[in-house]
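Protein chains: 2
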Amino acid sequence: MSKGFLLVLSGPSGSGKGTVSEALMNKRDDIVFSISATTRKPRPNEVNGENYFFLTHDEFEMMKKNGEFLESAFVHTNYYGTPKRFVMDEIEKGEIVLLEIDVQGALQIKKNYKEAVFIFLLPPTMDELRNRIVKRGTETEEDINTRFSNAFKELDFVGEYDFFVVNDEVENAVKDIEAIIAAERLRVKRHKDIKLSVMSKEGKKC
Amino acid sequence: MSKGFLLVLSGPSGSGKGTVSEALMNKRDDIVFSISATTRKPRPNEVNGENYFFLTHDEFEMMKKNGEFLESAFVHTNYYGTPKRFVMDEIEKGEIVLLEIDVQGALQIKKNYKEAVFIFLLPPTMDELRNRIVKRGTETEEDINTRFSNAFKELDFVGEYDFFVVNDEVENAVKDIEAIIAAERLRVKRHKDIKLSVMSKEGKKC
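Protein chains in written order, with our numbering: chain U, 335 to 540; chain Z, 335 to 540.
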């Protein structure tokens, strides 16, 4: 029986972690997205327990106090967080849980749950990073500069991660992540009774 | 600049580590075999520094005393060992050094150099393990039983390894090992200045 694991895909704004996550999910059926909790109101089509776990401020704060989040953040006027229970349940079932998250969130998770597999997604060049930030198109020059400067600073945290993947082409990045997944599936520590499983096949003759 | 690593491919007698190592080496040109040192006399076609490093007993013992071996063993009347220097030099050059070794040797290396990547090769079933031991054909029934019983005991050490690979078909085992290699190549700790390498491409605009 093999346990799954939490795959933390992280990187600065403009590294393309959203696109890569989506491409990876579309390609495989052994990965589930981690579902976040939030205190913001559900939008018309959003379903509780599917898009988010929607919580009141009180509920969120109580869970936070009880250490029930792998990470959490207060953004504008609302809390967001990754509930530990959902992740752990899926891992026990053998699933890979994918969490796409910014660098600050990933560093929080590393403190709380270092058994996760941490991948830092890198832009191929700083020029390309800037292009990607600019292409979002909805921001002022000042916003762009701030994002770029933050992204630049966040590259310093790559040393805290297990693996790095250069996102030059989405396809290549997905292939690299799949190699990491294949290797992590072969990790001894995620398997119980490896010896027993060899012995139990075709009967024991020993 | 990326450093290589030591890949320790190990497993009990009959796991097929020799066949798998050879198939892996034939497929790739970024892997070098670790060269052992020995005190036995060279055979006619053997070249010093290629097949083995041939040493006198005194030389071997001196190196052993100085901690210059990753592991060593005394077999029948001769010493065999893995010189640290060769492995480290190749790793610095960025090479993957493949060491195919029995379980006892791998456990010694783990004590001396835990940065290596340890793979335990498993037979698909105990019946198949016995078949493979029998197929060697040069041994008595008693030898076969001893080998089988030792192999069975050695399976207990799988927990000391990083990864396990089931050798049902050589091709599949090689594919699994290649996934592990691909992932290990993406390990942050084997790379210096990841940030710098992103910055230096296409000039810095920051």
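Since the hints were derived computationally from the structure, they do not count as laboratory data.
Careful, some of the hints might be misleading.
[What the hints assert, rightly or not] Each computed DSS-like pair below joins lysine-lysine, with the alpha-carbon atoms no more than 25 Å apart: (1) Z:K448 / U:K448; (2) U:K375 / U:K361; (3) U:K523 / Z:K361; (4) U:K487 / Z:K445; (5) Z:K445 / U:K523; (6) U:K487 / Z:K523.
Quantities reported herein were computed from a predicted structural model and do not represent experimental measurements.
Structure-based check of each hint:
1. With a C-alpha separation of about 19 Å, the suggested pair K448 (chain Z) and K448 (chain U) falls inside the 25 Å cut-off, and the hint holds.
2. Of the pairs offered as hints, the one joining K375 (chain U) and K361 (chain U) is violated, with about 31 Å between alpha carbons and a cut-off of 25 Å exceeded.
3. At roughly 29 Å between alpha-carbon atoms, K523 (chain U) and K361 (chain Z) are farther apart than 25 Å, so this suggested pair is violated.
4. Restraint check: the Cα-Cα separation between K487 (chain U) and K445 (chain Z) comes to about 38 Å, which exceeds 25 Å; the hinted pair is violated.
5. With a CA separation close to 18 Å, the supplied pair K445 (chain Z) and K523 (chain U) stays within the 25 Å bound.
6. Straight-line distance between C-alpha atoms of K487 (chain U) and K523 (chain Z) comes to about 19 Å, which keeps the hinted pair within the 25 Å bound.
When the structure is compared with the earlier hints, violations turn up for hints 2, 3, 4 and for no others.
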